[in-house]
Amino acid sequence: MASPREIRRRIRSVRNISQITRAMEMVAASRLRRAQNRVVASRPYSERLRDMIADLAAIEIDAEALAQFPLLTQREVKKTAAILITPDKGLTGALNSNILRRASRFVLNEAGGPVEIVAAGRKGRDFMVRSRQSVVAEFSGMGDNVSLDDIRPLVGVALSAFVAGEVDAVYLIYARFVNTLQQVPEVHQILPIVRPEAGAEGTYRDYIFEPNPAAVLNELLPRYIEVQVYQALLESIASEHSARMVAMRNASQNAKDLVSDLSLSLNKARQALITQEVAEISAGANVGR
Amino acid sequence: MADRLSVEIVTGERVVYSEEGVEMVVAPGADGALGILPHHAPLVTLLSAGELRVTKGGQERALAVFGGFMEVTGDRVIILADSAEHAEEIDLARAEEARARAAAATASGVADGDLQSAAASLRRATIRLRIGQRRGGRRGPGVGPGNNEV
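Order-wise, the sequence lines are chains S and F.
Heads up: the first sequence is residues 1 to 289, going by this note's numbering.
Heads up: the second sequence is residues 290 to 439, going by this note's numbering.
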């Protein structure tokens, strides 16, 4: 058995660790709350935008006019791009490996061709670089307070690759936030845009366009992509914090258990030492007699 | 159909304004300001940066919006703005500061791309300032420049 001094030292270090994990848990909890609020706050915009596009989906677009909107063109998919959204940091339990496992399955099996990775988040970039995938762009260190403006360059990379015909489809890979205990890796196609089904209301409308339909759609469609990426980014931020919060709570709990185990062995060791000393003293006394 | 509009102004970050029973909306359309009254024909338009006015119960509220879309269907007006704020929310001192900075950047003639973005931020700052300064004076509904009601 280890000496009491050694055990005391271990108890001290485990306590220190548990202080850190508890602090990280609390930080993650408060950031999670903020991130959740942001997810909720961003929903109306994306819902309205989807409705608007659905309303407009009723407009007949013939093949010739369709060519004007490259974002709507379906091509035979030879090469794809994937926007991989991951946290920048670890200590998130199984979250990172779950996303990365899902991402590798997509790259190896589902994409059916070469995949170019646009990495948003350091973990995804590191993983893809390590596994020798082609990472064409990297965006990391965006922090919690991303705005729509911040993601424009990220979306721009994917959009221009698609419009230039370098890739034939663009996917989004991110961790969807279900609740604090559950985050699901999602793979979701964003380009070419699959036009949402027209609502029953939207079908008959004769819209006036200002300045003209093409100009409106040309603004609306990229915005639609941006909003989807933005929403995914907010969700994965919420996922990251909730995963970290749970992981840190478990770590704190483990530390607590460890401390109580160690205290028990400390007491035993101390007891044994005292017993031994008493035995030695009485043995010594016996010898002297 | 009611004789009032329900108006929603939404940005990526939040719902800025959401009210029922609105009498009129004047929005900065891409081709100039346009007024929306109840029973307007379905319309989708791009918005430019400028002042958006909402009249409800004879009271007019001003907002600064910067780009986006407006959809009018029946008596519903949905404005998806790139960014929007109420006139009362505009911090005049900060807006003035931003305007001065943007003006300086434009005047000093920086590189091409920068010049464009400097000019854009100058425009934004000027609009914010103008709308912010007007928040004190409330004017009657329906008077304003470039008000081509449809």
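No wet-lab data here; the hints were simulated from the structure.
C-beta: ideal position from N, C-alpha, C; glycine also.
Any given hint might turn out to be false.
To spell it out: a stretch of chain S is covered by chain F in this simulated footprint if at least three of its residues, at any positions, have a beta carbon under 8 Å from a beta carbon of chain F; those stretches are [said to hold, decoys possible]: (1) 32-45; (2) 213-222.
Computed Cβ-Cβ distance ranges for the label pairs, DEER-style [claimed, not checked]: (3) S/GLY143 <-> F/ARG303: 14 to 24 Å; (4) S/VAL187 <-> F/ARG303: 45 to 55 Å; (5) F/SER406 <-> S/GLU76: 17 to 27 Å; (6) S/LYS79 <-> F/ARG303: 32 to 42 Å; (7) F/SER397 <-> S/SER97: 23 to 33 Å; (8) S/GLU76 <-> F/ALA393: 17 to 27 Å; (9) S/ARG12 <-> F/SER406: 14 to 24 Å; (10) S/ARG34 <-> F/ASP380: 17 to 27 Å; (11) F/GLY310 <-> S/THR180: 32 to 42 Å; (12) S/SER104 <-> F/GLY310: 50 to 60 Å.
Tell me, in ascending order, the numbers of any earlier hints that this structure violates. 4, 5, 7, 8 and 9
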